[in-house]
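**Q** Each chain, letter by letter, is given below.
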Amino acid sequence: MTRKFTKDHEWVLVEGDVATVGVSDFAQSQLGDVVFVELPEAGRVLEQGKEAAVVESVKAASDVYAPISGTVVEANQALVDDPAMVNSAAETDGWFFKIQIKDASELDGLMDEAAYKSFLEEAH
Amino acid sequence: MSMNNQGRPSAIPAASAGFDGVTGTVTGNRGLQIEEPLIFEQDSAGRTGVDLPEVPKVASRLGAVKPRAGVGLPGLAEPQVVRHYTRLSQKNYAIDSGFYPLGSCTMKHNPRLNEKMARLPGFSDVHPLQPVSTVQGALELMDQLAYWLKTLTGMAAVTLAPAAGAHGEMCGIMAIRAAHEARGDKARTKILVPESAHGTNPATAAACGYAVDAIPATADGRVDLEALKAKLGPDVAGLMLTNPNTCGLFERDIIAIAEAVHAAGAYFYCDGANFNAIVGRVRPADLGIDVMHINLHKTFSTPHGGGGPGSGPVVFADSLAPYIPVPYVTHGTDGFALVENAGDGPAFGRMKAFHGQMGMFVRALSYMLSHGADGLWQASSDAVLNANYVMARLQDVMTASFEGPCMHECLFDDRFLKGTGVTTLDMAKALIDEGFHPMTMYFPLVVHGALLIEPTETESKASLDQFVDALRALAERAKSGDAAYFQAAPRLTPRRRLDETAAARKPVLRWTPPVAKEAVAAE
Amino acid sequence: MRYLPLTEADRQSMLEAIRAETVDVLFRDVPEAARLAGPIGGLPNHMGELEVERLLGAMAAKNLPAGAVPSFLGAGAYRHHVPATVDHLVQRGEFLTAYTPYQPEVSQGTLQVLFEFQTQVALLTGMDVANASMYDGATSCAEAVMMANRITRRKKAILSGGLHPHYRDVTTTDARFIGFEAVAMPPAPTGGEDLLALVDDKTACVVVQNPDVFGHVRDHSDLAAACQAKGALLVVVVTEALSLGLLTPPGDMGADIVAAEGQSFGNALNFGGPYVGLFAVKDKYVRQMPGRLCGETVDADGRRGFVLTLSTREQHIRREKATSNICTNSGLCALAFSIHVSLLGEAGITRLAQLNHAKAVQMADRLAAVPGVELLNDGFFNEFTVKLPKPAAAVVEDLAKRRILGGVPVSRLYPGEMEDLLLVAVTETNTEADMDAFAAALTEILGAEVPA
Chain A
1 MTRKFTKDHE WVLVEGDVAT VGVSDFAQSQ LGDVVFVELP EAGRVLEQGK EAAVVESVKA
61 ASDVYAPISG TVVEANQALV DDPAMVNSAA ETDGWFFKIQ IKDASELDGL MDEAAYKSFL
121 EEAH
Chain B
1 MSMNNQGRPS AIPAASAGFD GVTGTVTGNR GLQIEEPLIF EQDSAGRTGV DLPEVPKVAS
61 RLGAVKPRAG VGLPGLAEPQ VVRHYTRLSQ KNYAIDSGFY PLGSCTMKHN PRLNEKMARL
121 PGFSDVHPLQ PVSTVQGALE LMDQLAYWLK TLTGMAAVTL APAAGAHGEM CGIMAIRAAH
181 EARGDKARTK ILVPESAHGT NPATAAACGY AVDAIPATAD GRVDLEALKA KLGPDVAGLM
241 LTNPNTCGLF ERDIIAIAEA VHAAGAYFYC DGANFNAIVG RVRPADLGID VMHINLHKTF
301 STPHGGGGPG SGPVVFADSL APYIPVPYVT HGTDGFALVE NAGDGPAFGR MKAFHGQMGM
361 FVRALSYMLS HGADGLWQAS SDAVLNANYV MARLQDVMTA SFEGPCMHEC LFDDRFLKGT
421 GVTTLDMAKA LIDEGFHPMT MYFPLVVHGA LLIEPTETES KASLDQFVDA LRALAERAKS
481 GDAAYFQAAP RLTPRRRLDE TAAARKPVLR WTPPVAKEAV AAE
Chain C
1 MRYLPLTEAD RQSMLEAIRA ETVDVLFRDV PEAARLAGPI GGLPNHMGEL EVERLLGAMA
61 AKNLPAGAVP SFLGAGAYRH HVPATVDHLV QRGEFLTAYT PYQPEVSQGT LQVLFEFQTQ
121 VALLTGMDVA NASMYDGATS CAEAVMMANR ITRRKKAILS GGLHPHYRDV TTTDARFIGF
181 EAVAMPPAPT GGEDLLALVD DKTACVVVQN PDVFGHVRDH SDLAAACQAK GALLVVVVTE
241 ALSLGLLTPP GDMGADIVAA EGQSFGNALN FGGPYVGLFA VKDKYVRQMP GRLCGETVDA
301 DGRRGFVLTL STREQHIRRE KATSNICTNS GLCALAFSIH VSLLGEAGIT RLAQLNHAKA
361 VQMADRLAAV PGVELLNDGF FNEFTVKLPK PAAAVVEDLA KRRILGGVPV SRLYPGEMED
421 LLLVAVTETN TEADMDAFAA ALTEILGAEV PA
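Protein chains in written order, with the working numbering: chain A, 1 to 124; chain B, 1 to 523; chain C, 1 to 452.
Residues from chain B that face chain A, not an exhaustive set, calculated with beta carbons under 10 Å:
1. Y442
2. T501
3. A502
4. A503
5. A504
Listed next, with one range per pair, are the computed distances between beta-carbon atoms:
6. A225(C) - G109(A): 47 to 53 Å
7. P346(B) - A33(C): 30 to 36 Å
8. G49(A) - P37(B): 48 to 54 Å
9. G302(C) - A45(B): 27 to 33 Å
10. T189(B) - V73(A): 33 to 39 Å
11. P346(B) - D93(A): 56 to 62 Å
12. K186(B) - G109(A): 33 to 39 Å
13. E41(B) - Q362(C): 37 to 43 Å
14. G302(C) - F119(A): 40 to 46 Å
15. E181(C) - H262(B): 30 to 36 Å
16. K186(B) - G49(A): 27 to 33 Å
17. D143(B) - H81(C): 28 to 34 Å
18. E51(A) - G28(B): 45 to 51 Å
19. A229(C) - G49(A): 33 to 39 Å
I should point out that these hints are in silico values taken from the structure, not numbers from a laboratory.
Cβ atoms here follow ideal geometry from the backbone N, Cα and C, with glycine treated the same way.
The following block holds chain A by itself, in its conformation from the complex (with noise of 0.2 Å):
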């Protein structure tokens, strides 16, 4: 399964009915060093494109959207002990949570990578 992106920098890896979200790589370099993550719990019911996490550099405080809707089945625990591996490790160990998902179709919506790559020339 390909992994998509938003235009928020959250990234959604499918497999099978569940999804793995994280930030970008990009995302984390306009960050700085983040210092600080708030995953959601389990069992928490998101909307797609609505508030699911955030994340805190020194300086700056950001919100994590939902890229698609459903439910929470875990949080990653290791990030919120360690999370400087939002920079060291963005679209791998560095993901936020999983969801069950709701609605496969919403993930029509979103860019895959080379979408997601030309988005970031065009806008920055």
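Based on the hints, put chains B and C in the right spot on chain A.
**A** For chains B and C alone, kept in the frame of chain A given last:
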């Protein structure tokens, strides 16, 4: 995001035996810069810095509560305490020692007469709940201050209760809400706030239950009137606008802005943080403003004290005058009276435990009387002249964000540093080594890498010249490609750049006794 | 104009550098109709120091300083002796005239003071962490309730009838505008109240004061545990911080948040302000705290230093999503607090607290011996309530005429209610002679009222 390159710990240089690796001295001291341990690290059990009489022998009457076993405070004698705080004070930059051009903060001279007046026992040693007959002079002072503030702003009413600027904002927005509610208008759910606003404005509006809608700026650094008009409607409760704005510019269209806001049935809140530019020369009431807070600790020179206390009186036009909090002073039949309870009147509630920041009122009135109408006119003139002079002398080597004239502060951005590898932050830290406090950095958010310089009227031309010369030389140096010099700054301060990332990742917010630390480590 | 260094010659040469004819030109963006032609009317022109001193001195002289007469006023503001060292040190220009320590390399003095202040407040309250101060105790209390709302995601606060009514009013004012429910219990000058019965699954917190506004001291350990069992927090308010030198601290009772007034240490009465709000919490709630926090770290050379930290909670970063809109706090009052506490030390603070309590016991006994006077408190620290046979406000006026500030009539705090109750505070500043004079004057005033 350039604020995040602050923490850059480097290895401690190897030291000779017994000598500090950083300073090269035995003690770690560096002449007048003396290292000072925490007060908790200077404890000797039983020692004290006060002599108290014997406790009378009576049976204690604490009801069901037990006396505590101990607090855990350290014991020091008076000379140790004096030395501790004196040494700590020497690690601070202050207006008393040098130029402090923090934009939007109005770091002007703090006259000592004001301190002396605030310490008169008739003001400092008066209890807030003494019989009103015994505090007529205190109420007279509050009444006088209110008169000055109303006269200087042209407004109908004032509350002295709020403790600081942000508290004044809260008071003003509550008054707006109370006024709308009194008319039965509950459809207004939004407050408009320009992008360039102080963070307190959106925080205040949100705290008072309003949604915040940002208004864009025009290319000349002012509110986009058309964009504002497009957002005004029956759902807008008010506009919060700083004027002069945080780019140091006067909002030219302010009267049209006020008319548009009023036509939409909304109120016009002005953040008075920058009142120093116009005090005594322009009355906010003449600009169509309905409500404005005044930072006594900015415009009227009460000391900032390392972060407070402030004082944030709020002035109101007729339309909002009934909606103020308690307490307030009135002219009674038998001298001054104090209204302390809202009762059934329109007063919307209470902001603070007692009557406001009396100590600040005395200082501010002492400052106003010292300056008088003619002095305040001259003070705002000089504040604006100083800022324009700094701007004129820097604009060929730095990049001014907007065309002048500016008001009391001038705004530059980091375009002049492009390609140098030097950031706004680096520039600021290099200024510290030159003996200046940096300007405000990275605010307002509407320009990239902002450098906001507010000299105030209490700086001499010689002091401005020295600052400008230093900044010009640093700008040239940055352009010559010496980024490493800036990135290592400051070098000459009691501490060099601090690791803010480490501080935020594993917060250590208090001292812990060594025993407790060991116990935690052993777990 | 002694505060303005520019000379006429300076102004001229600066205008030339700017290429402006006059200063007025620089104000050209101000709408013409709003530009004043000259100094504003209705205000005097500038004055020398001597003239200002005369004017303000005359106003000050119309007040009766509490220290000039026997004074027994409390109710949230207490007259304690402040050592000379405190006022000397807070007037050092490096403390007095510095800004908020946003540039840590040139603010280590203020920052270390804040770190020590936070530690002192944490120790005194028995809590894990404290912030770098709030405006005053009342605003601390309101912020504590809002913090509890955030933590529990509930929107109801139960306010004890023992909470200072001004603290209650600041909290209910916020409740009205910010949008939460604040249920205020009626005042209970003599007895207890069943707060727990009101706690339901919508309750974010219960707010109690200790000692309460009538002077009663209570152990809230059971209440804390019961609140927490229902998912609510216990906020403990303290208006007399010196009581923390003697009583079991709120942290040991299980409080989640402590909101206190710190004026008693280092700060004069000042007719009500500026004072210093204390705010302390359990470790796990740190990121929901309002206000500034100072933390320890190291500098580029590896040396210990201090910075403002966890700033992403604050308005200058999080703007409309900040935990509070507070910016300026009570920095210099916190410094005064800290210096006074440092001078006292462990031995001094214990003894000062014992001294206050012992004197209050002596005074309570003296007043209870006055015919017609009844003491309402079993347990108290340095303040208690007495019931008088006539309205307390009139008695206090009468005492003031005899140059005694004999406490705060309860009806001053609760208009039209409890008119026969008087709050009396006693501190180390009250002498035996003060106490005798108060008791004698009260006997006389009340005696005059009894028909022959």
